[in-house]
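Chains E, F, L and Z are the protein sequences, given in the same order.
Using our numbering, the first residue of the first sequence is number 1, and each one after it goes up by one.
Using our numbering, the first residue of the second sequence is number 1001, and each one after it goes up by one.
Using our numbering, the first residue of the third sequence is number 2001, and each one after it goes up by one.
Using our numbering, the first residue of the fourth sequence is number 3001, and each one after it goes up by one.
Hints were generated in silico from the structure; no laboratory data involved.
Since the model is a prediction, treat every value here as computed from it, not as a measurement.
One or more hints might be untrue.
What the hints assert, rightly or not - Cβ-Cβ distance ranges computed for the label pairs, FRET-style: (1) F:T1064 <-> Z:D3039: 53 to 61 Å; (2) E:L47 <-> Z:P3053: 18 to 26 Å; (3) F:V1066 <-> Z:P3022: 22 to 30 Å; (4) Z:G3040 <-> E:T27: 41 to 49 Å.
Stated by the list, open to error - Here are some, though not all, of the chain Z residues that point toward chain E, as calculated from beta-carbon distances under 8 Å: (5) M3054; (6) W3121; (7) K3122.
As the list claims (entries may be wrong) - Quick list of in silico lysine-lysine cross-link-like pairs, DSS-like style, CA-CA up to 27 Å: (8) F:K1049 <-> L:K2115; (9) Z:K3101 <-> L:K2006; (10) L:K2006 <-> Z:K3115; (11) E:K6 <-> Z:K3098; (12) L:K2098 <-> Z:K3116; (13) Z:K3116 <-> L:K2006; (14) F:K1006 <-> F:K1039; (15) Z:K3101 <-> L:K2101; (16) E:K6 <-> E:K39; (17) L:K2101 <-> Z:K3006; (18) L:K2006 <-> L:K2101; (19) L:K2116 <-> Z:K3098; (20) F:K1006 <-> L:K2116; (21) L:K2006 <-> Z:K3006; (22) F:K1049 <-> L:K2098; (23) L:K2116 <-> Z:K3115; (24) Z:K3115 <-> L:K2098; (25) E:K49 <-> L:K2101; (26) L:K2115 <-> Z:K3101; (27) L:K2115 <-> Z:K3006; (28) Z:K3115 <-> E:K49; (29) E:K13 <-> Z:K3101; (30) F:K1013 <-> L:K2115; (31) E:K6 <-> Z:K3006; (32) Z:K3101 <-> E:K49; (33) Z:K3116 <-> E:K6; (34) L:K2006 <-> F:K1006; (35) L:K2101 <-> L:K2116; (36) F:K1006 <-> L:K2115; (37) L:K2116 <-> F:K1013; (38) Z:K3115 <-> Z:K3101; (39) Z:K3006 <-> F:K1049; (40) L:K2115 <-> Z:K3116.
We put the CB at the ideal spot given by N, CA and C, even for glycine.
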Amino acid sequence: MNVSVKLFGAEAKAAGLREVSVEIGETTCLALRDELARKIPALAPLLEKCRFAVNHEFVELDRTLVASDEIALIGMVSGG
Amino acid sequence: MNVSVKLFGAEAKAAGLREVSVEIGETTCLALRDELARKIPALAPLLEKCRFAVNHEFVELDRTLVASDEIALIGMVSGG
Amino acid sequence: MSVTVKISDGPLPASAEPWSFPGAGAVLCFDGIVRPSEDGRPIVGLDYEAYEPMATRMLTQIAQELFERHALLAIRVEHSRGHVGNGEVSYRLRIASKHRKEGIAALDEFTDRLKKDVPIWKTARAPLSGEGSGAAGREGSGVRGQGSELGDRRE
Amino acid sequence: MSVTVKISDGPLPASAEPWSFPGAGAVLCFDGIVRPSEDGRPIVGLDYEAYEPMATRMLTQIAQELFERHALLAIRVEHSRGHVGNGEVSYRLRIASKHRKEGIAALDEFTDRLKKDVPIWKTARAPLSGEGSGAAGREGSGVRGQGSELGDRRE
C-alpha cells in the first residue's frame, strides 16, 4: 500500500520534505516507521521521539492504516 | 503613658470601636496587649491571632512604644 | 526593578489597560472578582477598608521580596477600597517575567502574602429588603459609625 | 462548560479584549510574548506553523480534560500562526474559575500540555543582514520550499 506522510518541524527539516510517499507491506504505523527510517536515513535518529497522528488524532504504533487515512509524523512540538 | 490604638475588621467589630485609648504602665506591645484584653474583654479571644503595627510596620511584642507612635492592632486580614 | 502599587476607590476597570515590559516572554494578569455569594449567602458586593499608608507599603515590600526570589521584570498591583459590586474587579495583579513558570509562582505567592500580611479588610454587603431572598433588611456585618470610612460610604 | 479555541494568522492583539464569566471569582490571562533572542542569538521574531485541524482539536481536548480535573467556568485560548515579531503576543490563555488556586493550576497545566501535545511548531527568524550583529544574512532554520506556508510568507 502506498501512503503519504506529512512532516513538520525538525523532521521536515531533516528530510528536506514536507510530505513523503512511502510504500509499505505490513499496514501498521510500526511498519511505516521502519520504512521511513530505511527510505530517509536522516529521519532515523528522530523517529524514537515521534508519534503518528492518523486523521488528526495521536495513535499507537500498532494502529492499522487504510489508504484513505491522513497520516502525520509528529515530533517535538514548540507552540506557546 | 496613654496610647491610642487603631482597630480594624473583626477586632473593630468586637470592640465596637475603630480606635481605643489605653493607659499602659510598661511601654511594650506585650503590656499594651494585656491592657487591651483587660479593658475590652470582647477583644481578648482575638488577640492571640493579632499583630501590632507601629508606624505602619509589623513589630514584635517586645517592641517599646513611645508617645508619638501610631499603633494599629492587625488581626486576620481579608484583601483580594 | 519596576513595581507599581495602587489602591483606589471603587471597582477597578473591568478591562485592564495594556501593560507589558521590554524583554518579557510571559505577562500574567490575575483579576480577583467579587462573587455573588459569601459563605453561602447572597451578597450585593463587598466593602473594602485599607489601612494606609501601611497597605501600600506592604504591597510594595512583598513585590520587592518576590523580585529577589524569582527573576521578574515588572509587577503591577491594584486594589480597591470602598464598595465593589458583584462581578466587579477588586484586585488586579500583573507580572511580567522572562519565562512562564517564575511568573506563575510569583503570582500565586504574591496573592497568598496579600491575604496574610496586607492590612485590607472586606465586609460583605447583603441585599437590601426586596433585593434578595432570606436576607431582607440585613446589611452586612460591618462596623458602623466611629468615623468608619466604609460606614460613611454606604448608601 | 465554555471552551473557545482560536488559531489565527499573525500576532494576537497586544491588548486582550474584555472577557469574564458569570460567577467567576478569578480570571487569569496569560500572554506568551516573543522574546528578542532564542538560544542566545538575536531574532526578529518567530514563524509558527500549525497542523490543522489537529491543533485546534488538541487544544479543545486539553481544555475539556482540565474542566474535568479542576472546577473551571470557562477557558479561552488563542494561538498565532505565521510570523510574530519580537514583543508581540503569540499565545493567550484565559481561564475563569470560582477560585484562584484551581485557575492557576489549570493555566500552568494547559500550557505544559500545549508544549507537549499540540502540533504547532516555531522557527526563529534571525535578523536580515544589517539588522543585527553576528547573524548577518542568516535567516532562521526553517524548512524552505516544498509548499511551506512559512517559506512563502517570508519577506
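Looking back at the hints listed earlier, which ones does the structure fail to meet?
Per hint list: 3, 10, 11, 13, 21, 22, 23, 27, 29, 32, 39 and 40 violated.
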